[in-house]
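Given the coordinates of chain A, work out where chain B with the ligand should sit on it, guided by the hints.
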Amino acid sequence: MSREDLHSISLLVNNKPGVLIRISLVFARRGYNIDSLVVSPAHNRQFSRMSITASGDPDTLVLILGQLNKLVDVIHATDHTGDVVVQRELALIKVDCTAERRTEVLQISEHFKCQSVDISDTTVLLEATGNSDKLDALELMLEKHGIVEIVRSGKLVMARGASAT
Amino acid sequence: MNAATRTGAQAIIDGLQQQGVEYVFGYPGGANMPIFDALLDSSLKLILVRHEQGATHMADGYARASGKPGVVFVTSGPGATNAITGIMTAQMESAPLVVICGQTVVGNLGLDAFQEADVSGVSYPVVKHSYLIRDANDTPRIMREAFFLAETGRPGPVLIDMPKDIALAPVTLDSGGEMHLPGYTIPTHGDSDQIATVAQCLHEAKRPLLLVGHGALISDAGKAVRHLAERMQIPVTTTLLGKGAFPETHDLSLGMLGMHGTVYANKAVMNCDLIMSIGSRWDDRIIGKADEFCDGAVKIHIDIDATEFNKLITVDYCIHGDARLVVEELNTMLQPGDTKAWLAEVAKFKRQFPLTFKKKGGLKAQSVLYELDQLVGGDAVFTTDVGQHQMWAAQFCRTTERNHWISSGGAGTMGFGFPAAIGAQLAFPGKTVIAVVGDGGFQRTMAELPTAAVNKLPVKVLIINNSYLGMVRQWQNIFFDNRLSGVKLEGNPDFVKLAEACGGKGLRIKRNADIKRVLQQALDYNDGPCVIDAEVEKEDNVFPMIPSGEPYSSMLLENPRTKMAQPRGST
Ligand SMILES: Cc1ncc(C[n+]2csc(CCOP(=O)(O)OP(=O)(O)O)c2C)c(N)n1
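Respectively, the protein sequence lines represent chains A and B.
Just so it is clear: in the first sequence, position 137 is 137 by my numbering, and no numbers are missing.
Just so it is clear: in the second sequence, position 153 is 153 by my numbering, and no numbers are missing.
Looking at chain A on its own, in the form it has when it is part of the complex:
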């Protein structure tokens, strides 16, 4: 593989069993790794929305998109890499944090506009939303204090303005 790029792909698919497997098979066949995947029912419950970030050779992406669009259960698949999109992700981060260091952690939290959703004697649980780069930066800052656990939702994307996702 020549180059590995991160791609942001959104799909509108039939909301029924087996669809996710068919989609992930397309990625796996050409050696693409799915880094994150978010699935939720679409506005019309017959369909689901998927937001997938995957890394792999950019030349292969056109083929993968074509093969995704060829699936009978896929209404459309679009690559948003480089597009004007609104992108958001949510993270829950449990930080190792005794009472003495709490202020410092909460300062970071405030700077990144997080919510602290739980506090114990030894931990603080933060909820953060934003684009993925911001969450990466937050993760880096909290790393120093010790991250006990982190769960990230994966990227959600939506096209800006009137264009469809």
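No wet-lab data here; the hints were simulated from the structure.
A few of these clues could be false.
Derived BS3-like pairs: lysine-lysine, alpha-carbon spacing no greater than 30 Å straight-line [unchecked claim]: (1) 348/B with 311/B; (2) 113/A with 134/A; (3) 134/A with 144/A; (4) 68/B with 45/B; (5) 289/B with 70/A; (6) 348/B with 289/B; (7) 563/B with 350/B; (8) 70/A with 223/B; (9) 68/B with 70/A; (10) 70/A with 358/B; (11) 206/B with 45/B.
Frame of chain A; chain B with the ligand shown alone:
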């Protein structure tokens, strides 16, 4: 349930009848007994096979000969997995199949119940689409969708997994089978501006070449392609599966190109300044070394499947649409160019490098196939298996009509040829149908001899018997220093006796002098299958040959004198 209510199984049978299905190729088992029961009350004819792989290849042969989807019934677990090879084959060759599998009851799914396999799960990578029916009410819709998907656009196999309890359950809410396929579109006309640009390119080209594939046959573009070629005076080469899209007896025909294509077709490829593919996917058998293929020539690609564009090679113009509709539109814009000098050059290639073989020595496969071609004069349907005999048949048995050549090219599935011929014979009851097979491949599916015999199908099975897995031996001979490993077929049965034992006729060709007489005898026999065991020279190799993944310039015309390096391509 009142008398008027039908079951899921009956809805399946009704669905088939609505589609005008005539034959079902199948095998029963516990899970599909309700379907077999419902079959009794229908006008459908069952061809009871000996193995599920045979059923799928028969359905494939039937589909490709008739242009209508082939239908298969298999039971759950091993019945369904036995069908997978044939389903994969149909997927690779774009053949329309509807395969209906029995399944364990819904409550047992995922519990490793007896003969349970996640068949729809297994099918995902090798089907156009698949269904697991969980509500009998969905059956009418799914039946319609399955046929629609199988035969429209780029055709392919559709699998329906039918749990036994659903097959027995009543269909209470009959939706009338309205389809719901929001993610499926069928390309039709191409982009007119693109087509106009291509017309201009064709006009300007001095050395143009048409590359015609299976897509042209599927869309019935033959007439349009012929008009295009004749009007513009452009030579035509076809892929293995494209045979029949343009008459191989035509002056402008160059026969097959690629790995074992004719020298003149391959020379035309090497020297053209424009190549236009009509329904061929420029696969690796054809392009050799991708970055050197038709270097410098304008490349144009017409295809119904957009994922084929720029896959292995990058082209200059893509036209997304149905081959016939696109070529017909193109034909309204033609302005002939000047191809006289090019045609003269191509004619010289033909004179210099005709398709020949050394006639000296023992019985040659090529002699047998050449004589067969002379005897049938284009008026026969050929199916083939996979190997040397397939390539020789492609070279020497000229195809002049649509759906008269049925071979496993994309999948290369040994065992395909004979059952495919059974299917083709059912589609063309009055025609001569000939399966050209190797002694290796025939033994994969020869269990279907009784199937052909009980149905009195006069299929001819010509075994090019070299007592070797010939094509693999050829590779070992050329690329592995003739270190033969696992290719000698010892203990082959006596195929003549085998044919007789199965209720057919058996004939043998041992010497050149036998060829015409025995072939004629076989052609005249119409009471059931006839096996012709042609004991050909054991160690002959197929030429021309472009080693896989290598450029056209490394085409071999005869056995190389020195050891060759391993080719770059896979197989
Ligand atoms: C199912 C399957 N297994 C293996 C192969 C690999 N293969 C390709 S050609 C060939 C030899 C075929 O031998 P035979 O049927 O005797 O035909 P011949 O080449 O001798 O004409 C083999 C083993 C294949 N194509 N399909």
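Outcome of the hint check:
no. : hint             : result
1   : 348/B with 311/B : violated (33 Å)
2   : 113/A with 134/A : holds (10 Å)
3   : 134/A with 144/A : holds (17 Å)
4   : 68/B with 45/B   : holds (15 Å)
5   : 289/B with 70/A  : holds (27 Å)
6   : 348/B with 289/B : holds (25 Å)
7   : 563/B with 350/B : holds (29 Å)
8   : 70/A with 223/B  : holds (29 Å)
9   : 68/B with 70/A   : holds (22 Å)
10  : 70/A with 358/B  : violated (48 Å)
11  : 206/B with 45/B  : violated (54 Å)
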